[in-house]
Amino acid sequence: MKHEFDANVTPVTDHGATVVVRGDFDAACVARFDERVGVLAGTQHAVSVDLCGCTIIDSAALGALIRLADSCRSTKFETVVAKPFQIELLRITGLDDFLSMRVRDD
Amino acid sequence: MTRTPPLPAIRLTMPAGLAHLSLVRACLRDTATFPSEDAESRLLLAVTEVMVNAIEASNGDRADQSDRAEIVVTIEGSPPEHVEIRDFGGAWTPSVSKPGHLGAGLVIAEALVPLAMTTSAEGTIVRLGIEATLR
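Residue numbers (numbering that gives the first Met the number 0), protein chains in the order written: chain R, 0 to 105; chain G, 0 to 134.
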């Protein structure tokens, strides 16, 4: 289902890890997200979170992304977005810099 | 010529729990025709943020105890023009920072959709004007 939440973490390699998040990422899904990305806590490798497939990202989800970015502080962290609402959301909350937003051209 | 009478509002009364966020979104996705996927995301994100606020207000400092409180979501108009979200958690006060809580829900909702809030000792009603987003 297009709106069903899912978060997949690719195995960590020397090039880093990618978290691909899809569907409605809201307060009800934060615990599942935290559980999935728990393997990345304290990693020394780059972490990229691909949010392009998200149909909703609410403020609780942003809180989860902040926690993940904090736990990866010693390495390169970025979030990848593509949709206009995703870009606007990170800008109006002032998180575009903190979460190292990168806009992917689709 | 007979005129089709307006459809009555859809009123959803539900336990104040996060598990029901997707139910309301599904109802809106089913009843509204969105001009674009981006418009759909903006509107449903605003509704989600206001609902989470209502759920938190209903449950006070307790965790998500959905068996103890209710919220009411009303979808008015056909196609939908307004969404009203009502809680019974007492007068609204600006949220105090909680661990893991960004505290930006209402700011995000207001940036995406026009809304009006009425609060009293009984609870809070937030009315989101969604007609313009659906145009």
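None of these hints come from the bench; they were simulated from the model. The C-beta atom is built at its ideal place from N, Cα and C for all residues, glycine as well. One should not assume that every hint holds.
Pulled a few chain G residues facing chain R out of the computed Cβ check, cut under 10 Å [unchecked claim]:
id, residue
1, Leu11
2, Met13
3, Pro14
4, Leu17
5, Leu20
6, Ser40
7, Ile54
8, Val71
9, Ala110
10, Leu114
11, Thr117
12, Glu121
13, Arg126
14, Glu130
15, Arg134
Negatives, chain R to chain G, calculated, CB over 12 Å [unchecked claim]:
id, residue
16, Glu34
17, Thr92
18, Leu94
19, Val102
Sample of chain G residues facing chain R (criterion: CB under 8 Å; computed from the structure) [what the hints assert, rightly or not]:
id, residue
20, Leu22
21, Arg24
22, Leu44
23, Glu48
24, Val51
Hint by hint, which ones does the structure fall short of?
1, 2, 3, 8, 10, 11, 12, 13, 14, 15, 17, 18, 20
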